[in-house]
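There are 2 protein chains.
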Amino acid sequence: MIITVVGIGLIGGSMAITLKENGFAKTIIGVDTNSENIDKAFRRRLIDETASLYDAIDKSDLIILSTPVDVIVDLLPKILDRVDQQIVMDVGSTKVGLLNAVADHKKRENFIATHPMAGTEYSGPEAAIPGLFDGKCSVICAKEESSQKAVKYAEELYTSMNMKLVYLNAKEHDVHSAYVSHISHISSFALALTVLEKEQDENRIFELASGGFGSTVRLAKSSPDMWVPIFRQNRDNVLDVLDEHINTLSKFRSLLIKKDFESFYKLIQKSNDISRILK
Amino acid sequence: MIITVVGIGLIGGSMAITLKENGFAKTIIGVDTNSENIDKAFRRRLIDETASLYDAIDKSDLIILSTPVDVIVDLLPKILDRVDQQIVMDVGSTKVGLLNAVADHKKRENFIATHPMAGTEYSGPEAAIPGLFDGKCSVICAKEESSQKAVKYAEELYTSMNMKLVYLNAKEHDVHSAYVSHISHISSFALALTVLEKEQDENRIFELASGGFGSTVRLAKSSPDMWVPIFRQNRDNVLDVLDEHINTLSKFRSLLIKKDFESFYKLIQKSNDISRILK
Chain C
1 MIITVVGIGL
11 IGGSMAITLK
21 ENGFAKTIIG
31 VDTNSENIDK
41 AFRRRLIDET
51 ASLYDAIDKS
61 DLIILSTPVD
71 VIVDLLPKIL
81 DRVDQQIVMD
91 VGSTKVGLLN
101 AVADHKKREN
111 FIATHPMAGT
121 EYSGPEAAIP
131 GLFDGKCSVI
141 CAKEESSQKA
151 VKYAEELYTS
161 MNMKLVYLNA
171 KEHDVHSAYV
181 SHISHISSFA
191 LALTVLEKEQ
201 DENRIFELAS
211 GGFGSTVRLA
221 KSSPDMWVPI
231 FRQNRDNVLD
241 VLDEHINTLS
251 KFRSLLIKKD
261 FESFYKLIQK
271 SNDISRILK
Chain R
1 MIITVVGIGL
11 IGGSMAITLK
21 ENGFAKTIIG
31 VDTNSENIDK
41 AFRRRLIDET
51 ASLYDAIDKS
61 DLIILSTPVD
71 VIVDLLPKIL
81 DRVDQQIVMD
91 VGSTKVGLLN
101 AVADHKKREN
111 FIATHPMAGT
121 EYSGPEAAIP
131 GLFDGKCSVI
141 CAKEESSQKA
151 VKYAEELYTS
161 MNMKLVYLNA
171 KEHDVHSAYV
181 SHISHISSFA
191 LALTVLEKEQ
201 DENRIFELAS
211 GGFGSTVRLA
221 KSSPDMWVPI
231 FRQNRDNVLD
241 VLDEHINTLS
251 KFRSLLIKKD
261 FESFYKLIQK
271 SNDISRILK
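Protein chains in written order, with the working numbering: chain C, 1 to 279; chain R, 1 to 279.
If you are wondering where the hints come from, they were derived from the structure by calculation, not from laboratory data. Bear in mind the structure is a predicted one, so any value in this text is a computation, not a measurement. Keep in mind that a hint or two might mislead.
Note that identical chains are pooled: a pair holds if it fits in a single copy or bridges any two copies.
Stated by the list, open to error - DSS-like, lysine-lysine: derived pairs with alpha carbons at most 25 Å apart:
hint, residue 1, residue 2
1, K279, K40
2, K270, K221
3, K107, K59
4, K78, K143
5, K78, K164
6, K221, K251
7, K259, K171
8, K198, K270
9, K221, K136
10, K136, K198
11, K171, K258
12, K149, K258
13, K221, K171
14, K198, K251
For reference, chain C alone in the conformation it holds in the complex (with noise of 0.2 Å):
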């Protein structure tokens, strides 16, 4: 199979060498408006060659738009316009904004809405590494809006990185990926800001930070181009889960105050509860 990947970052490169390394792909065809990603794509041998859009769609089986989300809702329409048999799959975070944009659209059926769920805090071709999506789960969306050969590839695609499929519609995707990560993201930004308007001496955090700051703060290494058009995307259910968040903090706050500790213990304990799920 050809395959183009539009957007050699993180998410493109590390598919990219999954999928020609597991032989899915004969093929990898990377297109980037970043000629430096290019660059860095080949040298890295993430890619065996490049095009202009149109000619690598024209080429293609499959197209992979792994940009970000917001490049995402915009080069889709223009690429459906484009496409004759070949199918085109995204792997963006976000999906509400995106299904809509091509709800109408008489190529709707040649594309099929996906997200691994994997990455890293890092960015860019340099980024890309074999093993990310290993052992994960990929959320195939809205399936009964795709065609049988989109959804075919789609789940054969995923299956051959060793990744488990969720089928969830579009809005169920986008509340959960608030909860279980978009959250995070912002909570980890936050603390980064916290501890380093606070703390002057910079050797310090840097001296008696251990594991456990390292990792609540790992995220806030995160880029903003990938990021912000997330939280453009899916503003109004991490704008809850926010107020959620806030809401929760502000009654350990109030424990504090009140030295209120034997609830602050039922508080933690119940917190505890995680392990039960995350292992």
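Given the structure of chain C, go ahead and fit chain R onto it with the hints provided.
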């Protein structure tokens, strides 16, 4: 050297393994009010023998206090009442209250306050692991209030464990700890609660939660038995940092409400600065 470890949990147990393995301790005597912990410690080969607290003190060169911090505050004066030449060292996460509790003790010099900055979200003797402290920092507090012998013991002990030494006064220690450790825990507890409370369908969390979520809530598995005493001791500093953190989250919130994604971008960019100091 004969060393007594009072409180054989994650930290005490891991120190016991390390100090026996590197030859710093000839014998490790384990003391714990929980007899189940002593059993587990024997089975895990963390300790060589056990004794009552006073017998253990009498036989030892060094006594390490690694119980929850409220127990340390309670025990330390009693242990100092009993010691002759022995050195007593605590490894607790808060210092101001503790140092006040023994400020006028006639054996104050025999005590040295320390805090090895390492840990995991697990607790108890079964959580003890070798290598926990390797390459990390240990704080030595208010060094000038301890005898030269006490300082030497602490310095040699942590150096033998391949730890770097940082010297702080008690107040600095407690403020810094609030920033680089205690707030991370509250943030994780709150994040876990937020997600647990809203998400009824637990399988979904389990399936979709990828590495990012896992790392930000990892600390929510931490034991309230250890952490509530820390928040009690360091309440004022933790409240300051928590207020700051809630304010920062509220900044993100109000930018989302206003759809001011340009400022949102700048805030994320600023938080990315954390990568300069945390590799």
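Enumerate the violated hints, using their earlier numbering and listing them in ascending order.
5, 12, 13
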